[in-house]
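Since each chain sits alone in its own frame, please combine them into the complex, following the hints.
Protein chains in written order, with my numbering: chain A, 1 to 110; chain B, 1 to 116.
One or more of the hints may lead you astray.
Within a straight-line C-alpha distance of at most 30 angstroms, the following computed DSS-like cross-link-like pairs (lysine-lysine) qualify [unchecked claim]:
1) A:Lys69 / A:Lys26
2) A:Lys69 / B:Lys27
3) B:Lys51 / B:Lys71
4) A:Lys26 / A:Lys97
5) B:Lys62 / A:Lys69
6) A:Lys97 / B:Lys51
7) A:Lys97 / B:Lys62
8) B:Lys71 / A:Lys97
9) B:Lys51 / B:Lys27
10) B:Lys62 / B:Lys44
11) B:Lys44 / A:Lys26
12) A:Lys70 / A:Lys26
13) B:Lys62 / B:Lys51
14) A:Lys56 / A:Lys97
15) A:Lys26 / B:Lys62
16) A:Lys70 / A:Lys56
17) B:Lys71 / B:Lys44
18) A:Lys69 / A:Lys56
19) B:Lys44 / A:Lys97
20) A:Lys97 / A:Lys69
21) B:Lys51 / A:Lys56
22) A:Lys56 / B:Lys44
23) B:Lys27 / B:Lys44
24) A:Lys26 / A:Lys56
25) A:Lys70 / B:Lys44
26) A:Lys70 / A:Lys97
27) B:Lys71 / B:Lys27
These are computed hints drawn from the structure, not numbers from a lab.
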Amino acid sequence: SQQGEEDPQALSIQEGENATMNCSYKTSINNLQWYRQNSGRGLVHLILIRSNEREKHSGRLRVTLDTSKKSSSLLITASRAADTASYFCATGDSSYKLIFGSGTRLLVRP
Amino acid sequence: NAGVMQNPRHLVRRRGQEARLRCSPMKGHSHVYWYRQLPEEGLKFMVYLQKENIIDESGMPKERFSAEFPKEGPSILRIQQVVRGDSAAYFCASSPPGQGGVGEQYFGPGTRLTVT
Numbered sequence: 001s002q003q004g005e006e007d008p009q010a011l012s013i014q015e016g017e018n019a020t021m022n023c024s025y026k027t028s029i030n031n032l033q034w035y036r037q038n039s040g041r042g043l044v045h046l047i048l049i050r051s052n053e054r055e056k057h058s059g060r061l062r063v064t065l066d067t068s069k070k071s072s073s074l075l076i077t078a079s080r081a082a083d084t085a086s087y088f089c090a091t092g093d094s095s096y097k098l099i100f101g102s103g104t105r106l107l108v109r110p
Numbered sequence: 001n002a003g004v005m006q007n008p009r010h011l012v013r014r015r016g017q018e019a020r021l022r023c024s025p026m027k028g029h030s031h032v033y034w035y036r037q038l039p040e041e042g043l044k045f046m047v048y049l050q051k052e053n054i055i056d057e058s059g060m061p062k063e064r065f066s067a068e069f070p071k072e073g074p075s076i077l078r079i080q081q082v083v084r085g086d087s088a089a090y091f092c093a094s095s096p097p098g099q100g101g102v103g104e105q106y107f108g109p110g111t112r113l114t115v116t
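Just chain B, with the same shape it has in the complex (with noise of 0.2 angstroms):
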């Protein structure tokens, strides 16, 4: 039964360049979440996905940020014209249906985006 799954775990990209992200949940889970970790620091939530739809975006800046959790295949979160400041760990987790978040999240191991 594998966890929740990203890749890739560690990604270098220049300033300018587009980041992209993937999470594929756990199997059965149809709730996806993505948080964003700086050095020494909390998670902070960034988006809330079910299949095909955003529920909450409040988290994620507004401008060079989007996510996705497709009809099939996994949930893709993109940075476009990356900058230093976007340099962090993101993490996605996801949740069964029907739990909605108020419950356990199951954490992926992370991808460290390195901004040069």
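Chain A with its partners taken away, still in its complex shape (with noise of 0.2 angstroms):
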């Protein structure tokens, strides 16, 4: 079944514009991961955030977690155009599997 559920399923913003997107999860995980993916194209690994740890800075991009609230927020400040991506969230347990959400559609307007 299906373990991080991202939120919104779509978002559409102006360029220049903070994009937010949240991910929520069933069970007790080791770590929480983003991942992008363009249009037909593999992933690219954004940024891991691990349980013991509530937030995370990478250039644009802030992670919140909050294990309390099984759920964790990606923000993109100041989006480009080609932050047009899908992006799904990923939680990882003690074991090797990562079970991956549904994804959000991000289209950002020029």
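Right, here's the structure in full:
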């Protein structure tokens, strides 16, 4: 069954605006990761946040994790047209599997 | 430093034929994972392999699907007697030894299988 569920399913914003995507999951995790997928392409790893971390930054990306609510958010600041892609959260437990959500499709209008 | 390589990138098969998908992990990586992605959906775990060992194949259909990661050469995902429902993108990922998947996985570009 699906572990991570992203919200919203689709998001359309103007270039320069911020984009926020949310991910909820069901079971305990070791880490939570965010990936980007451009249309018809493979996945690019964006950021990994461990279960004992609450916030992490990487360039224009900010990820938060609330293990009490079993949720995470990805914030992309000052969005660019090149950020247009699908964004997936994936949870990892103490094993090796990554369980992916169904993704948020982000469109950044120039 | 080449990333994860998959070939072919696109594969068309008629119903009943066999599909062979190849994955070469990143240099130094000994863990390989296969995922399947249906249109407009996230990736679903299929199988996890280390060299010459299948560690977990719980996500792989029990019939028609098999995977291997030999001592030499790429990992192979084999689908026998393909059906239209097998049409999907198949992604391979790898990770270094000792990490076992609790960290980042590095994904290949995928193979898009179309069954006609």
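Verification of the hints:
1. A:Lys69 / A:Lys26: 9 angstroms, holds
2. A:Lys69 / B:Lys27: 38 angstroms, violated
3. B:Lys51 / B:Lys71: 6 angstroms, holds
4. A:Lys26 / A:Lys97: 15 angstroms, holds
5. B:Lys62 / A:Lys69: Between Lys62 (chain B) and Lys69 (chain A) the Cα gap is close to 36 angstroms, so the pair fails against 30 angstroms, i.e. violated.
6. A:Lys97 / B:Lys51: 17 angstroms, holds
7. A:Lys97 / B:Lys62: 18 angstroms, holds
8. B:Lys71 / A:Lys97: Holds - the C-alpha atoms of Lys97 (chain A) and Lys71 (chain B) are around 22 angstroms apart, at most 30 angstroms.
9. B:Lys51 / B:Lys27: Distance of about 13 angstroms is within 30 angstroms: holds.
10. B:Lys62 / B:Lys44: 15 angstroms, holds
11. B:Lys44 / A:Lys26: 16 angstroms, holds
12. A:Lys70 / A:Lys26: 7 angstroms, holds
13. B:Lys62 / B:Lys51: Since the Cα atoms of Lys62 (chain B) and Lys51 (chain B) sit roughly 21 angstroms apart, the hinted pair holds (cutoff 30 angstroms).
14. A:Lys56 / A:Lys97: Distance of about 22 angstroms is within 30 angstroms: holds.
15. A:Lys26 / B:Lys62: Answer holds: Lys26 (chain A) to Lys62 (chain B) is near 27 angstroms, not above 30 angstroms.
16. A:Lys70 / A:Lys56: With a Cα-Cα distance of about 16 angstroms, the restraint between Lys70 (chain A) and Lys56 (chain A) holds, given a limit of 30 angstroms.
17. B:Lys71 / B:Lys44: With a Cα-Cα distance of about 26 angstroms, the restraint between Lys71 (chain B) and Lys44 (chain B) holds, given a limit of 30 angstroms.
18. A:Lys69 / A:Lys56: With Cα atoms ~17 angstroms apart, Lys69 (chain A) and Lys56 (chain A) stay inside 30 angstroms; holds.
19. B:Lys44 / A:Lys97: The given pair, whose Cα atoms are some 10 angstroms apart, holds under the 30 angstroms limit.
20. A:Lys97 / A:Lys69: Holds: Lys97 (chain A) and Lys69 (chain A) sit about 22 angstroms apart, inside 30 angstroms.
21. B:Lys51 / A:Lys56: 34 angstroms, violated
22. A:Lys56 / B:Lys44: 26 angstroms, holds
23. B:Lys27 / B:Lys44: This hinted pair holds, its Cα atoms lying about 24 angstroms apart.
24. A:Lys26 / A:Lys56: 21 angstroms, holds
25. A:Lys70 / B:Lys44: 20 angstroms, holds
26. A:Lys70 / A:Lys97: With Cα atoms ~18 angstroms apart, Lys70 (chain A) and Lys97 (chain A) stay inside 30 angstroms; holds.
27. B:Lys71 / B:Lys27: 14 angstroms, holds
Checked against the numbered hints listed earlier, the structure breaks hints 2, 5, 21; every other hint is satisfied.
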